[in-house]
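Now for the letters of each chain:
2 protein chains.
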Amino acid sequence: MFKGKVTLYPTPLGNISDPIYKFYKDEYQLKESDIYVVESLKNFKTFMKNVYGDIKIDENKIYILNKNSRKRDINEIIDQLHMHKVALLSDAGTPTISDPGRYIVRAAHKQNLEVEIAIATSSIIASLACSGLNGENFEYVGYLPIDKKERISKIQELVDSSAEKKQTKIMIETPYRNIHLWKDLMNFLPHYADLSISVDIYGDNSIIKTASVDDWNKMKWPLLKDRNAVFLFSTNPR
Amino acid sequence: MFKGKVTLYPTPLGNISDPIYKFYKDEYQLKESDIYVVESLKNFKTFMKNVYGDIKIDENKIYILNKNSRKRDINEIIDQLHMHKVALLSDAGTPTISDPGRYIVRAAHKQNLEVEIAIATSSIIASLACSGLNGENFEYVGYLPIDKKERISKIQELVDSSAEKKQTKIMIETPYRNIHLWKDLMNFLPHYADLSISVDIYGDNSIIKTASVDDWNKMKWPLLKDRNAVFLFSTNPR
Numbered sequence: 001m002f003k004g005k006v007t008l009y010p011t012p013l014g015n016i017s018d019p020i021y022k023f024y025k026d027e028y029q030l031k032e033s034d035i036y037v038v039e040s041l042k043n044f045k046t047f048m049k050n051v052y053g054d055i056k057i058d059e060n061k062i063y064i065l066n067k068n069s070r071k072r073d074i075n076e077i078i079d080q081l082h083m084h085k086v087a088l089l090s091d092a093g094t095p096t097i098s099d100p101g102r103y104i105v106r107a108a109h110k111q112n113l114e115v116e117i118a119i120a121t122s123s124i125i126a127s128l129a130c131s132g133l134n135g136e137n138f139e140y141v142g143y144l145p146i147d148k149k150e151r152i153s154k155i156q157e158l159v160d161s162s163a164e165k166k167q168t169k170i171m172i173e174t175p176y177r178n179i180h181l182w183k184d185l186m187n188f189l190p191h192y193a194d195l196s197i198s199v200d201i202y203g204d205n206s207i208i209k210t211a212s213v214d215d216w217n218k219m220k221w222p223l224l225k226d227r228n229a230v231f232l233f234s235t236n237p238r
Numbered sequence: 001m002f003k004g005k006v007t008l009y010p011t012p013l014g015n016i017s018d019p020i021y022k023f024y025k026d027e028y029q030l031k032e033s034d035i036y037v038v039e040s041l042k043n044f045k046t047f048m049k050n051v052y053g054d055i056k057i058d059e060n061k062i063y064i065l066n067k068n069s070r071k072r073d074i075n076e077i078i079d080q081l082h083m084h085k086v087a088l089l090s091d092a093g094t095p096t097i098s099d100p101g102r103y104i105v106r107a108a109h110k111q112n113l114e115v116e117i118a119i120a121t122s123s124i125i126a127s128l129a130c131s132g133l134n135g136e137n138f139e140y141v142g143y144l145p146i147d148k149k150e151r152i153s154k155i156q157e158l159v160d161s162s163a164e165k166k167q168t169k170i171m172i173e174t175p176y177r178n179i180h181l182w183k184d185l186m187n188f189l190p191h192y193a194d195l196s197i198s199v200d201i202y203g204d205n206s207i208i209k210t211a212s213v214d215d216w217n218k219m220k221w222p223l224l225k226d227r228n229a230v231f232l233f234s235t236n237p238r
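Chains as they are written, first to last, in this note's numbering: chain F, 1 to 238; chain R, 1 to 238.
Calculated directly from the structure, the hints in this document are not laboratory data. Among the clues, some could well be false.
Copies of the same chain look alike in the list, so a pair counts if it fits in one copy or across any two.
[What the hints assert, rightly or not] Straight-line distance between alpha carbons at most 25 Å, and here's what the computed DSS-like set of lysine-lysine pairs gives:
hint: 1; residue 1: K49; residue 2: K85
hint: 2; residue 1: K49; residue 2: K22
hint: 3; residue 1: K148; residue 2: K42
hint: 4; residue 1: K166; residue 2: K154
hint: 5; residue 1: K166; residue 2: K71
hint: 6; residue 1: K110; residue 2: K166
hint: 7; residue 1: K85; residue 2: K22
Keep in mind the model is a prediction, meaning the values are calculated, not measured.
Using the sequences and the hints given, assemble the complete structure.
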């Protein structure tokens with residue numbers, strides 16, 4: 001008996017050449033959902049237009065869920081899950097990884113509903129795989145603190161822990177602040193550390209590059225401003 | 001000027017219904033590679049047959065790279081990268097994450113070759129997204145120690161660190177040993193911990209389920225024997 005189902009639909013990180021679009025072109029289930037839980041209306045509409053061309057989704061079916069959502073908003077969505085086909089999307093990338101979508105998923109499990117993901121895509125793992133750094137043991141820490149002193153102290157903590165656990169460290173940054181994180185990594189990682197960067201991974205000017213801090217210092221630095229980037233480093237000897 | 005390129009080709013985790021197959025059907029670059037670096041000949045041939053039907057790849061183009069490869073074997077491959085289109089595949093999943101493919105990728109970066117990934121797929125992130133557990137901060141630790149005492153001690157260390165860092169912990173196990181890891185997690189996680197499992201994620205009998213240890217104890221345990229599974233837990237309060 002159908003009790004309800006939550007399907008996660010990962011979305012591309014900005015680039016129309018992302019292979020996910022190829023996948024979604026033949027994906028009909030998405031447009032037949034009963035409810036859409038999305039991070040922002042604008043990005044959802046752009047995504048649906050890129051996939052299906054001109055398509056109208058009844059706005060009554062759309063719920064907004066993002067970092068501004070209050071507990072009451074989230075509970076309102078949770079009350080709708082039962083008996084419905086629910087589509088969960090974020091603005092970019094895999095829903096729930098960096099947005100409150102996970103509260104919907106957790107509630108679905110509590111209600112014994114089905115949970116599935118349309119395609120298992122991830123720029124984090126793609127970046128890790130393309131870095132050549134240790135993929136058998138890694139820590140994803142998301143955003144580092146904005147405060148410079150706290151950020152540097154966090155970097156130093158990660159440097160020690162990377163060496164101790166032979167672990168790759170992975171982080172992201174808000175695109176307009178990328179350059180600050182890059183500079184702090186260049187300044188506060190040991191000179192022998194491997195630093196890797198993946199920028200606009202399916203874009204025309206994508207950058208996927210790993211080098212030691214020493215070697216980065218001999219090269220032109222990557223153009224990071226306002227671009228989607230994943231930062232990775234490792235301080236353990238290879 | 002073309003200097004050489006390494007392309008990572010993630011492969012499905014066993015299930016012919018995996019959406020990756022749909023993607024590869026129209027992917028022609030793979031069969032035109034100059035060199036194939038693969039984990040095992042048998043699995044590579046099966047994969048190519050599933051994608052392209054009857055296809056013959058010149059065996060002189062195929063290099064085997066797996067945990068049994070010696071440094072000399074790896075260096076022999078590295079010497080071939082320059083000026084070639086190199087395809088890197090593992091037996092299942094994203095190459096380099098749990099196999100020595102990363103040495104090839106690291107060498108490609110050193111030689112300033114291009115590195116790319118055909119499609120950014122990952123069962124680890126898919127499992128995390130479908131778990132409803134914290135995706136903004138997680139640690140992937142791969143395989144736990146085989147020795148029971150060491151394994152339990154590692155679980156206890158992860159329990160403490162999950163609570164302290166509010167971090168989701170992710171691990172995998174060799175399919176035939178899944179049930180031992182499951183039992184140890186059920187016995188040594190706190191009763192309030194959230195334990196999640198993703199089994200054969202695109203298979204006919206896939207299991208994607210998160211519940212507290214208390215709640216798992218009230219349910220039928222998942223069928224794990226000889227299946228591809230990702231284990232996740234979190235001990236921090238939601």
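Evaluated hints:
1. Taking the shortest alpha-carbon separations for K49 and K85, only the intra-copy value of 21 Å comes in at or below 25 Å, while the best inter-copy value is 35 Å.
2. Taking identical chains as interchangeable, the C-alpha atoms of K49 and K22 lie at most 25 Å apart whether they share a chain (14 Å) or sit on different chains (22 Å).
3. Proximity of K148 and K42 under a CA criterion of 25 Å is satisfied in neither setting, with 33 Å inside one chain copy and 52 Å between copies.
4. In this assembly of identical chains, the alpha carbons of K166 and K154 lie at most 25 Å apart whether taken from the same copy (17 Å) or from different copies (15 Å).
5. Proximity of K166 to K71 under the C-alpha cut-off of 25 Å is restricted to the inter-copy arrangement: shortest distance 20 Å between copies versus 39 Å within a copy.
6. For the identical chains of this complex, K110 and K166 are inter-copy neighbours only, at 20 Å across copies versus 36 Å inside a copy, given an alpha-carbon limit of 25 Å.
7. Taking the closest pair of Cα atoms, K85 and K22 come within 25 Å of each other both inside a single copy (23 Å) and across two copies (23 Å).
Taken one by one, the earlier hints fail for this structure only at number 3.
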